[in-house]
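Chemist: The residues making up each chain are set out below.
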Amino acid sequence: GAVVSQHPSWVICKSGTSVKIECRSLDFQATTMFWYRQFPKQSLMLMATSNEGSKATYEQGVEKDKFLINHASLTLSTLTVTSAHPEDSSFYICSARDLLSSSRTSYNEQFFGPGTRLTVL
Amino acid sequence: GENVEQHPSTLSVQEGDSAVIKCTYSDSASNYFPWYKQELGKRPQLIIDIRSNVGEKKDQRIAVTLNKTAKHFSLHITETQPEDSAVYFCAASPNFGNEKLTFGTGTRLTIIP
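Chains as they are written, first to last, in our numbering: chain A, 1 to 121; chain B, 1 to 113.
Any given hint could turn out to be false.
Said to hold, decoys possible - Derived pair list, reagent style SDA-like, types lysine to any residue, alpha-carbon separation capped at 25 Å:
id, chain 1, residue 1, chain 2, residue 2
1, B, Lys37, A, Lys14
2, A, Lys64, B, Glu99
3, B, Lys42, A, Lys55
4, B, Lys42, A, Ser9
5, B, Lys37, A, Lys64
6, B, Lys42, A, Pro114
7, B, Lys42, A, Leu26
8, B, Lys37, A, Ser43
9, B, Lys22, A, Phe39
10, A, Lys55, A, Thr82
11, B, Lys42, B, Arg108
12, B, Lys37, A, Glu22
13, B, Lys58, A, Glu109
14, B, Lys42, A, Thr32
15, A, Lys41, B, Ser28
16, B, Lys42, A, Met45
17, A, Lys41, B, Glu15
18, B, Lys42, A, Gln6
19, B, Lys37, A, Thr82
20, B, Lys42, B, Ser26
21, A, Lys14, A, Thr78
22, B, Lys42, A, Asp65
23, A, Lys41, B, Glu56
24, A, Lys64, B, Asn3
25, A, Lys41, B, Thr24
26, B, Lys42, A, Gly53
27, B, Lys22, B, Glu39
28, A, Lys41, B, Ser26
29, B, Lys37, A, Lys55
30, A, Lys41, B, Pro113
Keep in mind that the hints were calculated from the coordinates and are not lab data.
The structure presented is a predicted model; accordingly, all values stated were derived computationally and were not measured.
Generate the whole structure from the sequences, applying the supplied hints.
Modeler: Written as structure tokens, this is what we have:
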């Protein structure tokens with residue numbers, strides 16, 4: 001259980017185009033989802049926290065108009081990179097947390113998706 | 001906000017020896033400390049975690065210790081095996097993980113056969 005999927009797993013796009021990445025919790029309801037960005041050989045940097053039915057909370061320095069987040073259901077959150085540029089090329093990873101189930105492993109563990117590698121030409 | 005520092009950035013140990021990775025955090029409100037293992041191009045996987053009301057936790061070859069007063073916690077891997085080679089990240093969160101995780105900078109662990 002506790003599986004999180006992401007689609008696509010990789011994408012290559014031209015500069016100036018928009019790319020949408022989906023994050024799905026497959027077997028639980030995710031009241032909260034997190035979006036991270038990871039550059040090569042670096043750590044995971046939180047971009048935003050997405051709560052179902054409300055606006056996402058963005059971390060300092062992350063442009064909310066460039067990285068659009070929608071969490072319209074308890075199993076799906078989407079990240080849209082608008083007008084992508086080469087500097088947006090990165091590994092984007094989502095995670096989901098299930099606050100409703102007491103059967104999960106310890107302490108509100110975040111379950112990570114497999115990541116999406118974005119390359120902007 | 002929270003700041004998590006992690007050392008060393010790279011670590012090579014002989015197979016069978018122990019490996020220790022250390023992290024420090026700044027926010028005294030943090031009370032949940034997970035450790036993740038990430039292989040190249042893959043998702044981070046939780047390997048062990050600890051809450052602030054516990055000083056040590058062990059799971060087979062992996063253990064984590066926490067010194068809340070000094071604000072540091074460590075990952076210990078004993079009897080290392082080649083499959084332990086990966087990048088390891090520590091993280092910290094307040095409210096027992098109900099809020100966002102702040103990650104350390106990562107340690108690339110290489111096990112030498």
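Chemist: None of the hints should be skipped; say for each whether it holds.
Modeler: Status of the hints after comparison with the structure:
1. A distance of roughly 33 Å separates the Cα atoms of Lys37 (chain B) and Lys14 (chain A); the hinted pair therefore is violated under the 25 Å criterion.
2. A C-alpha spacing of about 20 Å is found between Lys64 (chain A) and Glu99 (chain B), which places the hinted pair at or below 25 Å, so the restraint holds.
3. For the given pair, Lys42 (chain B) sits about 29 Å from Lys55 (chain A) by alpha-carbon distance, which is inconsistent with the 25 Å threshold.
4. The suggested pairing of Lys42 (chain B) with Ser9 (chain A) holds, with an alpha-carbon distance near 10 Å, which does not exceed 25 Å.
5. Among the hinted pairs, Lys37 (chain B) with Lys64 (chain A) is inconsistent with the structure: their alpha-carbon atoms are about 30 Å apart, more than 25 Å.
6. Among the hinted pairs, Lys42 (chain B) with Pro114 (chain A) is consistent with the structure: their alpha-carbon atoms are about 6 Å apart, no more than 25 Å.
7. Between Lys42 (chain B) and Leu26 (chain A) the alpha-carbon distance is near 18 Å, which keeps this suggested pair within the 25 Å criterion.
8. The straight-line distance between the Cα atoms of Lys37 (chain B) and Ser43 (chain A) is roughly 12 Å, inside the 25 Å bound, and the hint therefore holds.
9. About 22 Å separates the Cα atoms of Lys22 (chain B) and Phe39 (chain A), which keeps this hinted pair within 25 Å; it holds.
10. Distance restraint check for Lys55 (chain A) and Thr82 (chain A): the Cα-Cα separation of roughly 17 Å lies within the 25 Å cut-off, and the hinted pair is therefore satisfied.
11. This hinted pair checks out: Lys42 (chain B) and Arg108 (chain B) have alpha carbons roughly 14 Å apart, not beyond 25 Å.
12. Proximity of Lys37 (chain B) to Glu22 (chain A) is assessed by CA-CA distance (about 23 Å); at most 25 Å being required, the pair is judged to hold.
13. Proximity of Lys58 (chain B) to Glu109 (chain A) is assessed by CA-CA distance (about 17 Å); at most 25 Å being required, the pair is judged to hold.
14. For a cut-off of 25 Å, the pair hint linking Lys42 (chain B) to Thr32 (chain A) stands: about 22 Å separates their Cα positions.
15. At roughly 28 Å between alpha-carbon atoms, Lys41 (chain A) and Ser28 (chain B) are farther apart than 25 Å, so this suggested pair is violated.
16. About 16 Å separates the Cα atoms of Lys42 (chain B) and Met45 (chain A), which keeps this hinted pair within 25 Å; it holds.
17. For the hint linking Lys41 (chain A) to Glu15 (chain B), the alpha-carbon distance of about 24 Å falls within 25 Å, and the restraint holds.
18. Of the supplied pair hints, the one linking Lys42 (chain B) and Gln6 (chain A) holds, its CA atoms being roughly 12 Å apart against a limit of 25 Å.
19. Distance hint between Lys37 (chain B) and Thr82 (chain A) is unfulfilled; the C-alpha atoms sit about 31 Å from each other, more than 25 Å.
20. With a C-alpha separation of about 29 Å, the suggested pairing of Lys42 (chain B) with Ser26 (chain B) is violated against the 25 Å cut-off.
21. Distance check on the hinted pair: Lys14 (chain A) and Thr78 (chain A) sit about 20 Å apart at the alpha-carbon level, within 25 Å; holds.
22. For a cut-off of 25 Å, the pair hint linking Lys42 (chain B) to Asp65 (chain A) is broken: about 28 Å separates their Cα positions.
23. Between Lys41 (chain A) and Glu56 (chain B), the direct Cα distance comes to roughly 29 Å. Violation of the 25 Å bound is thereby established for this hinted pair.
24. With a C-alpha separation of about 23 Å, the suggested pairing of Lys64 (chain A) with Asn3 (chain B) holds against the 25 Å cut-off.
25. Proximity of Lys41 (chain A) to Thr24 (chain B) is assessed by CA-CA distance (about 20 Å); at most 25 Å being required, the pair is judged to hold.
26. Between Lys42 (chain B) and Gly53 (chain A), the direct Cα distance comes to roughly 29 Å. Violation of the 25 Å bound is thereby established for this hinted pair.
27. A threshold of 25 Å between alpha carbons decides the hint, and for Lys22 (chain B) with Glu39 (chain B) the separation of about 19 Å falls inside it, so the pair holds.
28. In summary, the hint linking Lys41 (chain A) to Ser26 (chain B) is supported, as the alpha carbons are separated by about 23 Å, within the 25 Å threshold.
29. Distance check on the hinted pair: Lys37 (chain B) and Lys55 (chain A) sit about 31 Å apart at the alpha-carbon level, beyond 25 Å; violated.
30. A C-alpha spacing of about 23 Å is found between Lys41 (chain A) and Pro113 (chain B), which places the hinted pair at or below 25 Å, so the restraint holds.
Violated hints for the displayed structure, listed by number in ascending order: 1, 3, 5, 15, 19, 20, 22, 23, 26, 29.
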